[in-house]
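Colleague: What follows is each chain in one-letter form.
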Amino acid sequence: MITVAIPTGTLLEGSLDLLRRTGALDLGAEEIGRRLLVERGGLRLVLVKPADVPAYVDHGSADLGIVGKDQLWESPGDHYELLDLGFGGCTLVVAVPESSPLQGPETWPPALRVATKYPRATAEFMAGVGQNVEIVRLHGSVELAPQVGLVDAIVDLTQTGRTLRENHLRVVAVVGSSTARLIANQASLKTRAEALQGLMGRIRASLGEASPSLGGRGAAAPGGRP
Amino acid sequence: MRATQEAVLAEMRRWGYRLVVTPTLERLDVLALGLDGEQRRRLFKLTDGDGSVLALVGERTIPVARLVAGKLRSAPLPLRLCYTGPVLTNDPGRFVRRREAHQVGAELVGASGPVADAEVIAMAVRCLDAAGLRRYQVDVGHAEFFRGLLDSSELPAALKSGVEAALGRRDFVALAELLESTSLRNAEHELLLRFPALRGGAEILEAAGALVRNRRSERALQELDRVHELLRAHGLGDAVSFDLGAIRDFDYYTGVIFEGYGPDVGRPLVLGGRYDRLLARFGRPAPATGFMVHLDLVGEVLWREGWSPALTRLDAGVAWTPAGLEAALRLGARLRLFGMRAVVDTRSRGLEEARGWAQALKARNLLHVDGEAGVVWAPAEGPPIRLAPDEVVERLTHTAEASR
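Those sequence lines, one after another, are chains A and B.
Each residue of the first sequence is one higher than the one before, starting from 13 at the first, in my numbering.
Each residue of the second sequence is one higher than the one before, starting from 3 at the first, in my numbering.
No wet-lab data here; the hints were simulated from the structure.
Any given hint could be a false lead.
Said to hold, decoys possible - Facing chain B, according to a computed beta carbon distance under 7 Å, are these residues of chain A, among others:
#1 Glu93
#2 Pro121
#3 Gln209
#4 Gly210
What the hints assert, rightly or not - From the derived model, a few chain B residues whose C-beta atoms are all more than 12 Å from chain A:
#5 Leu90
#6 Asp141
#7 Thr184
#8 Gly264
#9 Asp278
#10 Phe284
Stated by the list, open to error - Computed list of chain B residues with no C-beta within reach of chain A, every gap over 12 Å:
#11 Asp173
#12 Arg283
#13 Arg336
Every residue gets a Cβ at the ideal spot worked out from N, C-alpha and C, and that includes glycine.
The task is simple: from the sequences and hints, build the whole structure.
Modeller: What follows is the structure, given as C-alpha cells:
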C-alpha cells in the first residue's frame, strides 16, 4: 500500500488527472466529494490542505506527496523533491500599486514594507538582492494591504495576473516560479523502494507522453488565482 | 527507553567499547569546529558569566572527538568509545523534530579501512537486534562515490556547487535543471539524476561499476565490495543492502556511510559513517568512524510492534503493624543483602489490607510482620505460612529459584 498526500484546492484536479494518466487510480474530483481518505487498488489517497502536504510526507504518514513548489519554499524539510509535474504553474512576484513610484529593486526605499503569505521565500529573495525588508505576514486578501497603506508592496502568487490587475497592482520583480512537484519521504524511498520506483516510473512516462506544449498546464488551473 | 538504552549499551560493551560521559553544555566555538552553518544555527545557545557563548549539545560525536584529542590524548589508538544522553536542537521545520532526543552512539577512533568500517556496521546491526527490533533495514553507501561523480562531471565550479547544494536539499527538480543547462552529457550526470534509485543488494555495486569512469568512485565501490565480504564473515551478509545514493553531509563524511530504517518510521533510526577529518580540527589527526541510534524512534517502532517494557521484578512487599515495624525494617535490609528487591511499607496495615497493597505493587511475596517473633508469609500461590524471621530469606530464595 502506497500512501499519497494530495492537496485540496487548485492542484486537486491536476493531481487526480496525473494519477488517472498513470493508470494508478481513476477518480474524479466529484467522486471524492468530501471524503478525505480514499483507498483503492493498492493506493491510499489522503486529501489535505496544500500547506500540510510536506508535514504528512516528512513524518512518513504519506510516502509520496503532490504539492506546489510555493509550499516547499515555506516548509523545507527532509523529503526528496523528485519530479516537476508541470501543472499548476504560477509565479511569486513583488507587486506595488499602479500609482506607486516604485519600479525595480534599485528604486526601493532603504527598508521596504511587504505583506505576504510567503515570509520565508520573501526574506530569502530580499536578502539576495540586498534589500532591507519589514515583512507583514497575512493569511488572505494580501492585495488589499498596499491599497490601505499597510505596506509598500506585496509578494504574492499570480497565475494570469488578473487578480493583480483588478486590484490595480503591477509587478516590479519576480521572486520565483512554481509548479506542482512530486515529493517523497526519505525513509519510504529506502524501505518501499520497489513500489515507489514503480509508480514514479509510470508518472515519469506519463509526463513524457504529454504534448510538448503541456496542455495540462492551463487546463488544470481554471479560474485564475485561488 | 531505559531498557532499550541498556540493551544497546550492553551490546556495545560486548564489542569492547568503553562508556564515556561528555557534558551537555559545551563552548560554542568547540562545537562549531565540527558543525556546518545550519547545524550551528539549530543549537540552543546561552552566554556564560564572562560573555563566552555556550551551547547545549546537538549531537555527541564532536564532544567525543574533543575528549579523544584532550583528556584521552595519551591513550593509544584505536580507541573504542560509546556514549549516551540527550541531545537538544531547535526545530526549524516546526514539526519534524523533537527538541530533545535521546541517542546512544559508538565511535571507533584511530582505525581506517574496511575492517573498521565493517566492525561498526556489524555492531550497529547487532545493536538493533539487541534492542529487540525484528524488522529493520541497514543501507551502506560511500561518500567518495558521490565525490567521484561530481569530480568527473566536468562541470564548471559554480555549477558544481549548485549541484551539490541541490542534492543536499534532495531537490532533484533543481538538479535536473542544472544539469540540463549544460550541453555536457555523461554517465556521471545520469547517475546523479538516478541517485534516489541507486539502492539494492550487492549486485548494485557491480551495476554501478559498469557505469562509472572515474577512479574515486571506482575505489569507493571496491571498498564497499570488501565491506560486503567482511560483513558476510561477521554473519551479516544478507542483513545489509547498498545505497549508493545516500545523501548526507558530504563535507563531514569521508568514506563508508550507513543508515538504518525501521518499518513505518519516516526517518532513519541509525546514522553512521566515516569522518576522517574531524579529529584533526581538535589537534589529533586520526581516522574515525561511528554511528548513533535514535532511541526515541526505536522506542516508537517497538511500541507499535506491541512490545511493552518488562516490569521491574519486585521480590517482596514487607507490610507491618506497629509492633513489627523495626523487625520489618531489619527484614527488608536482610532481603536486599541477599540481592532481592524489597519494599517496606510506609504505614501500618492489617494482613487483609496488606494483600491488596502487595498486589498493587506486583510484589511476588507478601511478608506481614506483626511483632518481633514472627512473620506471615503470603506467597502468590498457596495459603499464608507463619515463619521465624531467620527462615524467611531461605524460603524466598528457594521459591525464586523454583520459579525461574
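Colleague: None of the hints should be skipped; say for each whether it holds.
Modeller: Do the hints match the structure? See the list:
1. The closest approach between the C-beta of glutamate 93 of chain A and any C-beta of chain B is roughly 4 Å, which is under the 7 Å cut-off, so the hint is satisfied.
2. Because the closest C-beta pair between proline 121 of chain A and chain B is about 29 Å apart, greater than 7 Å, the hint is violated.
3. Evaluation of the glutamine 209 of chain A hint against chain B yields a held restraint, the C-beta minimum of about 6 Å falling below 7 Å.
4. Given the 7 Å rule on beta carbons, the hint for glycine 210 of chain A is violated: about 11 Å separates it from the nearest Cβ of chain B.
5. Consistency note on leucine 90 of chain B: stated as away from chain A, and its beta-carbon is indeed over 12 Å from all of that chain's, at 19 Å minimum.
6. In this structure aspartate 141 of chain B is not separated from chain A by more than 12 Å, as the shortest Cβ-Cβ distance comes to only about 6 Å.
7. The Cβ of threonine 184 of chain B lies farther than 12 Å from every Cβ of chain A, with a closest approach of about 18 Å, so its non-interface assignment holds.
8. Against chain A, the non-interface label of glycine 264 of chain B is violated: not every CB pair exceeds 12 Å, the least being about 8 Å.
9. Separation of aspartate 278 of chain B from chain A is adequate, the least Cβ-Cβ distance of about 25 Å exceeding the 12 Å criterion.
10. Remark: the non-interface label on phenylalanine 284 of chain B is consistent with the geometry, its nearest Cβ contact in chain A lying 29 Å away (cut-off 12 Å).
11. At roughly 4 Å from the closest C-beta of chain A, the C-beta of aspartate 173 of chain B falls inside 12 Å, breaking its exclusion from the interface.
12. Every C-beta of chain A lies more than 12 Å from that of arginine 283 of chain B, the closest at about 26 Å, which supports listing it as non-interface.
13. Arginine 336 of chain B, annotated as away from the interface, keeps every beta carbon of chain A farther than 12 Å; the closest lies near 53 Å.
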